[in-house]
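Colleague: Using the sequences and the hints given, assemble the complete structure.
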Amino acid sequence: MKKIDYIIIVALAFLHISCDNQVTQQNEDQQINQYIEAHHPGAEAEMNGLYIIHQTVTQGIAAMPGNRVIVDYEGRFLDGRVFDSSYDRQQPIAFVLGSGKVIAGWEQGIATMREGEKAEFIIPSFLAYGDRRVGPIAPNTPLVFSVTLVKVEP
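Residue numbering for the sequence shown follows the UniProt record's numbering, beginning at 1 and increasing consecutively.
Just so you know, the hints here were simulated from the structure itself, not pulled from any lab data. Warning: the hint list may mix true and false statements.
Unchecked claim - Here are the computed lysine-lysine pairs in the DSS-like style, where the Cα-Cα straight-line distance is at most 30 angstroms:
1) Lys151 with Lys101
2) Lys151 with Lys118
3) Lys101 with Lys118
Modeller: In structure tokens, the structure reads:
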């Protein structure tokens, strides 16, 4: 009998966690939709929920996996509070696109850009930091990044 009780308790715990995750995802989707309606009406998400709003378009070198890219950025919460900015440090960051050194939303968004372009990424939490807390970023937090692709080094 005790074994059955244990199995039931474990099953209920998993069910509870699953329900919490669904509520969290629905809440996050609602927050992102409200942000899009307020700031970028008509914008459409990529298949995975990432929004990429190209603000300037150039004929520069296209960013491709394996390229070293140099990026200036400002990271914000959906309410507009800035949590990080390379502009404040006056130091863009450099990384190899596709190396996994940055969040998935960045990898995917920057891969659609060309040197000199500016874009805004609205990134669902599962393409950012997921259920982990990172500095001031709470778990399951969607993020907004204004990004300038400064340089592409093939």
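Colleague: Does Lys151 pair with Lys118 here, judged by a C-alpha cut-off of 30 angstroms?
Modeller: Given pair Lys151, Lys118 holds - Cα atoms ~12 angstroms apart, limit 30 angstroms.
Colleague: With the threshold set at 30 angstroms, check whether the alpha-carbon distance from Lys151 to Lys101 stays at or below it.
Modeller: Holds, at roughly 17 angstroms.
Colleague: For the pair we were handed, Lys101 and Lys118, check the Cα-Cα distance against 30 angstroms.
Modeller: Answer holds: Lys101 to Lys118 is near 21 angstroms, not above 30 angstroms.
Checked against the numbered hints listed earlier, the structure breaks none of them; every hint is satisfied.
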